[in-house]
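Counting in the working numbering, the sequence shown runs from 1 upward without gaps.
Read the hints as simulated data drawn from the structure, not as lab findings. Every residue, glycine too, gets a C-beta built ideally from N, C-alpha and C. Treat each hint with caution, since some may be false.
To be verified - Here are the computed lysine-lysine pairs in the DSS-like style, where the Cα-Cα straight-line distance is at most 27 Å:
| id | residue 1 | residue 2 |
| --- | --- | --- |
| 1 | Lys-153 | Lys-106 |
| 2 | Lys-93 | Lys-133 |
| 3 | Lys-684 | Lys-653 |
| 4 | Lys-88 | Lys-112 |
| 5 | Lys-104 | Lys-180 |
| 6 | Lys-557 | Lys-153 |
| 7 | Lys-153 | Lys-76 |
| 8 | Lys-88 | Lys-76 |
| 9 | Lys-4 | Lys-39 |
| 10 | Lys-528 | Lys-574 |
| 11 | Lys-120 | Lys-180 |
| 12 | Lys-120 | Lys-88 |
| 13 | Lys-114 | Lys-99 |
| 14 | Lys-127 | Lys-106 |
| 15 | Lys-166 | Lys-120 |
| 16 | Lys-705 | Lys-693 |
| 17 | Lys-112 | Lys-76 |
| 18 | Lys-180 | Lys-133 |
| 19 | Lys-99 | Lys-64 |
| 20 | Lys-120 | Lys-106 |
| 21 | Lys-180 | Lys-99 |
As the list claims (entries may be wrong) - For each label pair, taking beta carbons as the anchor points, the in silico distance ranges come out as:
| id | residue 1 | residue 2 | range |
| --- | --- | --- | --- |
| 22 | Asn-117 | Asn-192 | 21 to 27 Å |
| 23 | Ile-686 | Gly-639 | 23 to 29 Å |
| 24 | Phe-447 | Lys-665 | 34 to 40 Å |
| 25 | Gln-487 | Ile-30 | 34 to 40 Å |
| 26 | Asn-765 | Arg-441 | 47 to 53 Å |
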Amino acid sequence: MKGKWIYFTVASLMGILTSLLNGMIFLALIFLILFLYKKKNFTKRQLVTISMIFIVFFIRTELKEKSNHSDIPYNKTNFFISLQENIKVDGDKFTATAKEINYKEKLIVTYKIKTENEKKLIEKSFKTGMACKLTGSLEEPFTATNINAFNYKEYLHRNQTFWILKAEQVQPSNCIPQKKTPLSLIRTIRENGIEYVKNHFPKETAPLAIALLFGDRNFIEEDVINAYQKLGIVHLLAISGLHVGMLAGLIYFIGIRAGVTREKMTSALLMFLPFYAIITGASPSVIRAVFMMMIFLALQKWGKRLSLVTADVLGIVFIIYTFFSPYIIYNVGFQLSFGVSLSLILSAPIILKRFSHPISILFATSLICQLAATPIMFYYFYEVSLISVLANILFVPLFSMLILPAVFIIFLLHLLFQGHIQLPVTILNVIIFWMDQIAGRFAQIPFAMITLGRPPTVVLILYLICLLCYFSLWEKVKGIRKMLKLQGIPLILLFIHGSSLFLSPYGEITFIDVGQGDSIFIKLPHGKGNYLIDTGGTLLFNNEDWQIRRSQYDVGKDVVVPFLKSKGITTIDKLILTHGDADHIGGAAEVLQEIKVKEMILPISENLSELEKNLLQTANKKKIPFRFTMAGDGWKAGGIIFQVLSPQDKTEKDRNNGSVVLNAKIGGLTWLFTGDLEESGEEKLINRYQNLKIDVLKVGHHGSKSSTSPAFLDRISPKLAVVSAGKNNRYGHPNKEVLKNLSERNINVLRTDQHGGITYYFKGNHGTFSVMVP
Numbered sequence: 001m002k003g004k005w006i007y008f009t010v011a012s013l014m015g016i017l018t019s020l021l022n023g024m025i026f027l028a029l030i031f032l033i034l035f036l037y038k039k040k041n042f043t044k045r046q047l048v049t050i051s052m053i054f055i056v057f058f059i060r061t062e063l064k065e066k067s068n069h070s071d072i073p074y075n076k077t078n079f080f081i082s083l084q085e086n087i088k089v090d091g092d093k094f095t096a097t098a099k100e101i102n103y104k105e106k107l108i109v110t111y112k113i114k115t116e117n118e119k120k121l122i123e124k125s126f127k128t129g130m131a132c133k134l135t136g137s138l139e140e141p142f143t144a145t146n147i148n149a150f151n152y153k154e155y156l157h158r159n160q161t162f163w164i165l166k167a168e169q170v171q172p173s174n175c176i177p178q179k180k181t182p183l184s185l186i187r188t189i190r191e192n193g194i195e196y197v198k199n200h201f202p203k204e205t206a207p208l209a210i211a212l213l214f215g216d217r218n219f220i221e222e223d224v225i226n227a228y229q230k231l232g233i234v235h236l237l238a239i240s241g242l243h244v245g246m247l248a249g250l251i252y253f254i255g256i257r258a259g260v261t262r263e264k265m266t267s268a269l270l271m272f273l274p275f276y277a278i279i280t281g282a283s284p285s286v287i288r289a290v291f292m293m294m295i296f297l298a299l300q301k302w303g304k305r306l307s308l309v310t311a312d313v314l315g316i317v318f319i320i321y322t323f324f325s326p327y328i329i330y331n332v333g334f335q336l337s338f339g340v341s342l343s344l345i346l347s348a349p350i351i352l353k354r355f356s357h358p359i360s361i362l363f364a365t366s367l368i369c370q371l372a373a374t375p376i377m378f379y380y381f382y383e384v385s386l387i388s389v390l391a392n393i394l395f396v397p398l399f400s401m402l403i404l405p406a407v408f409i410i411f412l413l414h415l416l417f418q419g420h421i422q423l424p425v426t427i428l429n430v431i432i433f434w435m436d437q438i439a440g441r442f443a444q445i446p447f448a449m450i451t452l453g454r455p456p457t458v459v460l461i462l463y464l465i466c467l468l469c470y471f472s473l474w475e476k477v478k479g480i481r482k483m484l485k486l487q488g489i490p491l492i493l494l495f496i497h498g499s500s501l502f503l504s505p506y507g508e509i510t511f512i513d514v515g516q517g518d519s520i521f522i523k524l525p526h527g528k529g530n531y532l533i534d535t536g537g538t539l540l541f542n543n544e545d546w547q548i549r550r551s552q553y554d555v556g557k558d559v560v561v562p563f564l565k566s567k568g569i570t571t572i573d574k575l576i577l578t579h580g581d582a583d584h585i586g587g588a589a590e591v592l593q594e595i596k597v598k599e600m601i602l603p604i605s606e607n608l609s610e611l612e613k614n615l616l617q618t619a620n621k622k623k624i625p626f627r628f629t630m631a632g633d634g635w636k637a638g639g640i641i642f643q644v645l646s647p648q649d650k651t652e653k654d655r656n657n658g659s660v661v662l663n664a665k666i667g668g669l670t671w672l673f674t675g676d677l678e679e680s681g682e683e684k685l686i687n688r689y690q691n692l693k694i695d696v697l698k699v700g701h702h703g704s705k706s707s708t709s710p711a712f713l714d715r716i717s718p719k720l721a722v723v724s725a726g727k728n729n730r731y732g733h734p735n736k737e738v739l740k741n742l743s744e745r746n747i748n749v750l751r752t753d754q755h756g757g758i759t760y761y762f763k764g765n766h767g768t769f770s771v772m773v774p
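Produce the entire structure from the sequences given, and follow the hints as far as they go.
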């Protein structure tokens, strides 16, 4: 069986995918069996074993799917819960993962804290394992409403969680401690450890120490994480096989030096490692590393006659892990951990044979890791680091030989000597500070990242096939020249992926769901132009310091920029800001920060808002050209003429009626994009352009009562109206009277609050509409 467990692993994966995705995957099993029989000389018994593994995993996943539903009535209001993990207070928001005791079902509990004193009481009182009586209402998690967006509902479903409990009140007096189970005890130790580091380590050191000791990155500043992501070394901030191996080695070494026998130290590690997996958050990378280490230790202790290679051990861990958690295959951390580990295991003998210098070994290892991770990174994050290999050569030795051991040792010394070790803590603090500074500077290198978007299915399959060919040739190719030529394979892949954006004959117009606001993306075929009309925005309220959350929601950062990057968009030819309201341009600052903007267009006005003034300052700093537009302006691109119909002059005092109004014929339809134009602005428009007829109207001001007058609709005669409004918004948009006016004229209506993102895909003069939520 030596070296054959990898094929059993493939069979188990096929069984899961056949259940979750498509029954046609079963055909791949037949090809696998034929391949193994003809090419790998598998015995009939081994082929039967593969078939049985497929069937077992198929049935296991089917049963999991059938049982994966909620039994809690949606109208239930009284709950008896047990706080399980992830108990967090962020600003005025309390969240926790809990279990409804009567139904034995997981819930996400959320609560908006009302006062600063209540916040202090909650932070002090709520701990893992407490049982609490709560009243509140159940809400379904939000689903993805934009293309390629994160689907929170699906994510929770795969974690056997179906409801968000919005608590009306959270009172410690309604909670009692429960009898500690081994699991809850370990989780409590983890919570106490995190609190200890927060309270006793310097604020610059504590976030990284918590990440490396307990696997919680939530305390690291977002800018630092972004810098590490751009360098392709964010894995260093998560606990992985490196951490597990170093800690196990350190404990083993100390035990042996203290006179403990090897056999007893092996037994001690077998007992310690499961504890360590839980105390560090039990992420897929930790579970993989811990289980592999335990199997190696068990083989050393009891199974010396068994002949297994490292790939076999990885396969065994995969099979055990996915049997108990079939949905884990969708977890990006799981995919990266097992995918990169397999690539390294298969490549390690060749690397060690061909390279002797530590730097060359590290370079080759980093290159293999980067290539193995590339399709996964593009699929989930839409971009990869171009300087990852070099950054790993610099930072991996620093982390593995200095930072990681220092954090472990200083934490233990801190516990033993009650904090009287200021000098090593101060030195570590200085090192971490400068390390973060260096990472931040490197991350600012132009073209540090390459953004190509989520690859189409065909390109994704091509990635997998070509990478398999690459690793196969890596084993056979000898000599530096041939090795350099081999690097042409990933370069060609990147070229094919990137060129698909510019060679595509299809264009699109997407009304991005930004909640209560507007943002419209226009992409012309063959890369002839990318335009963004408004960016959405979040209305900010004056909060007290205690209410401010560490991670504030920003439409630009959290919705618009990820949408653009998922499409492979790194350049916007024109950013058209229709007017200065926050719900239209509040997200523009993040767009300017993350996306190259060639030109920014604003309405001509004598009264600029503060947001507009700030954006103009940002444009000046970034040397982005900008201009103020009015009726009569326009441009031509890709054979399409864009005309500005409003504002007619700079004297318009009402900001909404001073909106930039655009008219264009795209994909065989005539479009009118109206910003927040209201009735008086509509009247001026149809008086000036009396022959204006359109097919698609972007309804002004989110469908408010003051817009979309009957006279306006009668004059322009649209066939379809699109309303951009937030779900259950406080303004009641779109107004019932506006919807009635549209209905009476047989004008079809699409709404972002009901349909999510709305896209018109076109080729030439023909196209089709598509919505995210049917």
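Where does the structure disagree with the numbered hints, that is, which hint numbers, in rising order? none
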